[in-house]
Amino acid sequence: MNGICHRILTIGRNTFLDAVRQKFFNALVILSVALIVSSRFFRQFDFGSGELKFIADFGLGAILLFGSILAVVATAQLFYSEIENRTALTILAKPVHRWEFLAGKFLGVFLLLAVFTALMAGILGIMLYWRESSLMDRYGDQFGGQRLVSYAGLAGFAVLQWLKLGVLCAITLFVSSFSNTNLYSVVVSFFVMIICQLQYIARDSWESIGNPALKGLVWGLSLLFPNFQMFNVGDVMLFPHDATEQLSAGTPWMIGGYGVVYIFVFVGLAVFAFRRREI
Amino acid sequence: MDFKRNIWLQRAYTFVVCVCALLLIGLIVSPLQRKAWGEVRSLQPELNLKEVEGALGQGLVIGLLGGFRTIIADMVFIRANVYWEKKDREKTEALINLTTAIDPRPMFFWLNGSRIMAYDIPIWRIREAGGLDDVPKSVQDEIYQEQAQRGIDFIDRAGKYHPGDYRVPLEKAQIYNNKLKDTEKAAEYFLQAYHSEDGPYYTARIYAELLRQMNRQQEAYDFYRQLYNELPDDPQANKPVVLERIRELEDELNTPAMQRLPAQPGERYLPGYMQEDLPIGVKTPFGDTQVPPGEIYPYPEPAAPAGHSH
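Sequences listed follow chains A and B, in order.
For the first sequence, position 103 (counting from the first letter as 1) is numbered 131 according to our numbering, and the numbering increases by one without interruption.
For the second sequence, position 31 (counting from the first letter as 1) is numbered 234 according to our numbering, and the numbering increases by one without interruption.
Keep in mind that a hint or two might mislead.
Some chain B residues judged to face chain A by a derived CB distance under 7 Å, without partners named [as the list claims (entries may be wrong)]: (1) Val219; (2) Cys221; (3) Leu225; (4) Leu226; (5) Ala239; (6) Glu242; (7) Trp327; (8) Asn380; (9) Asn381; (10) Gln439.
Because the hints were derived from the structure by calculation, they are not lab data.
Since the model is a prediction, treat every value here as computed from it, not as a measurement.
Note that CB positions come from ideal geometry on N, CA and C, so glycine has one too.
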């Protein structure tokens, strides 16, 4: 057991270091940081939402967009670099199972996503805290002595986003496990991501469809893909005082559990699809 | 057929197993998803995809799905304003609809959108048809009606995302009043706005004035009397204006002295009829004090009235 863990961790660590050294990762981080920090200046384009809400929306959007790009592109790139450089052959020639190789790859990218999400959420938290403090100094009476932003909520939301990106990473790994090119994996994974974002439409509408065949098809589709919209709870978690209704305490845990289940499922399917693949 | 050698058979087998596994997992996590999604769904405004469909080719989807809903809605609204400046009604209207489809949360989009539809676009349409001088009055009226209705339908949709917000009935009331000249409906919505949470006091006064316009003086008077009792001593409530209207209506209706609102502590000049017309022995709130008409009355501290919950 120790040997298995050691091998997975070694592959994971190397994958992570490989990813961190890539220009792509650094460019994405710089871009995301710049976007979050500049949200203050984009404020002049805002027409309706409160300033803190606007900054939060902007920051969370940056985490989600660039995080998704990172999850898909980094996973596909790091997987195919091993195949194309033939290093996968060397690794798998050693007493390393294919599933350990995939688990290590996933672990490396998942760790990379953790660093990315933590960094972005941290910067967003600092931006919000700084702006909220200066607003409180100026309009203290309107705050009623309490902060509007829940920073614990931000941390919780960042964890949920990390899990969501983890599911996306596992999906990309699954697609890569049977596809032949990097580009194909990236494109298909992005499409799957969009389907997952819109899965809720199928889930919400299948019951109202009259045609039995179509109903069955929509129902099947709603079961095939995870529902990414479920992770979209930033507003309620960051601004609990603004929300008319509150998220019950167990719901973030349920969403997190849902994400973990799908991570295991997609990594498991990737292992299954990769088991006979010619490298 | 040798399974191990037939690559297509192997691929089909892998595909079927993967699909079955995903369906099975989907079924297993379905109760968990239903519970969590049910709660999350009730807390987030829906992205109206039917209306976003038309813009799918404009690179919005990734941004939208990526979470930049606020900023993309803002950008689309800026574009709508560019077309508004050019008086391009199709694009303006389409982009306003798109803006609220992307982000229905800011009230700003709904209010401005409905105003553009109800007030600006009919003018553009009349100009397109030949101008105010050349287009027959009946056609102009038809255009005004049609566009006002569009504005009302649009702001009506805001009610779904902002239930109980006074600005929705208020905007409808203004369109009914200013563009459709439907005083009855306008009065109904002004009253609804007043009864909504945070509804401004002036909407109640407009409601009563519209009743007066419809020659329903008695109803207006009764409403003003009730309103006067429930208004707080907040300067924004403008109680003196309400009192002034009550006095006007009492005159218009020739209300007998006994049935008139007694002289109020806040009234600086007691109306003359109060003192002269009262039978001997009947006490006004000021007791038997006889105050000649027009004389400044040394008013006492007004008592705190029961206020409207605003």
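Right, here's what the structure says about each hint:
1. The beta carbon of Val219 (chain B) comes no nearer than 11 Å to any beta carbon in chain A, farther than 7 Å, and the hint placing it at the interface is violated.
2. Because the beta carbon of Cys221 (chain B) sits about 5 Å from the nearest beta carbon in chain A, less than 7 Å, this interface hint is met.
3. Residue-level restraint check for Leu225 (chain B) holds (minimum Cβ-Cβ distance to chain A is 5 Å; threshold 7 Å).
4. Annotation: interface hint on Leu226 (chain B) holds; nearest CB of chain A at approximately 5 Å, less than 7 Å.
5. Hint on Ala239 (chain B) holds. Least Cβ distance to chain A is approximately 4 Å, under the 7 Å limit.
6. For Glu242 (chain B), the suggested interface contact is upheld, since its CB lies about 5 Å from the closest CB of chain A, less than 7 Å.
7. The beta carbon of Trp327 (chain B) comes no nearer than 22 Å to any beta carbon in chain A, farther than 7 Å, and the hint placing it at the interface is violated.
8. Given the 7 Å rule on beta carbons, the hint for Asn380 (chain B) is violated: about 25 Å separates it from the nearest Cβ of chain A.
9. The criterion of a C-beta within 7 Å of any C-beta in chain A is not met by Asn381 (chain B), whose closest approach is roughly 24 Å, and the hint is violated.
10. Annotation: interface hint on Gln439 (chain B) violated; nearest CB of chain A at approximately 18 Å, more than 7 Å.
Figure legend: structure checked against the earlier numbered hints; hints not met, in rising order: 1, 7, 8, 9 and 10.
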